[in-house]
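Undergrad: Just so you know, the sequences run in chain order A and B.
Under my numbering, the first residue of the first sequence is numbered 1, with each subsequent residue one higher.
Under my numbering, the first residue of the second sequence is numbered 121, with each subsequent residue one higher.
A couple of the hints might just be wrong.
Taking lysine-lysine and the PhoX-like style, the derived pairs with C-alpha atoms no more than 20 angstroms apart in a straight line are [unchecked claim]: (1) A:LYS3 - A:LYS38; (2) B:LYS147 - B:LYS191; (3) A:LYS16 - A:LYS38; (4) B:LYS164 - A:LYS3; (5) A:LYS38 - B:LYS191.
If you're looking for bench data, these hints aren't it; they were derived computationally from the structure.
In this text, all values refer to a predicted model and were calculated from it rather than measured experimentally.
What follows is the residue order along each chain.
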Amino acid sequence: AQKVTQAQTEISVVEKEDVTLDCVYETRDTTYYLFWYKQPPSGELVFLIRRNSFDEQNEISGRYSWNFQKSTSSFNFTITASQVVDSAVYFCALSEPRILFSGGYNKLIFGAGTRLAVHP
Amino acid sequence: NAGVMQNPRHLVRRRGQEARLRCSPMKGHSHVYWYRQLPEEGLKFMVYLQKENIIDESGMPKERFSAEFPKEGPSILRIQQVVRGDSAAYFCASSPQKSRGSTDTQYFGPGTRLTVL
């Protein structure tokens with residue numbers, strides 16, 4: 001069965017520290033997508049990144065970087081030089097692509113989330 | 121470009137009442153998903169709709185819950201005879217129509233926080 005595990009429930013760091021959020025997934029699909037979303041205290045969900053299963057290149061976007069390793073079924077997220085505004089709950093998600101005659105869609109399976117608190 | 125819009129943002133209902141949650145997808149998006157987030161948990165898929173069609177409702181409780189996405193107007197998630205266990209944040213997401221076999225990113229609305237007293 002498809003599953004996403006975010007083992008770290010809460011992480012607390014001091015500003016400017018680097019922090020890595022772990023994500024481990026399980027799937028029987030050979031084609032799948034992985035996502036990270038951020039949920040700040042205001043409650044909305046902000047899309048951060050999407051990665052397909054055939055692309056294992058690491059990605060960097062400003063202070064954010066992602067390490068996708070198929071061999072260990074992990075898709076970890078690192079924030080470099082953390083800031084107070086990074087405080088949020090971060091969700092890793094796995095998609096279950098479904099094929100329809102009319103097109104595709106995907107159901108997202110979310111991990112339980114990691115609450116990151118960055119202190120000044 | 122307006123994002124996904126949901127209203128109301130907060131909804132309080134007494135046990136036994138009905139709750140109606142609305143979702144307007146992003147412009148150009150024809151796929152709508154509903155997810156539920158219970159307190160301190162991740163989001164759980166409920167239902168996927170295209171215009172006038174429910175495609176996948178495998179995550180929706182069999183009783184009291186229904187969803188629609190009419191040809192005109194927003195998608196509606198309806199919960200009849202609410203109970204305290206329905207208290208949660210309900211998120212709507214939309215994505216554009218894509219070709220067969222492809223998938224795309226879901227963009228989420230701000231959510232509706234339902235509190236059942």
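Undergrad: Which of the numbered hints above does this structure break?
TA: Of the numbered hints given earlier, the structure breaks just one, which is hint 5.
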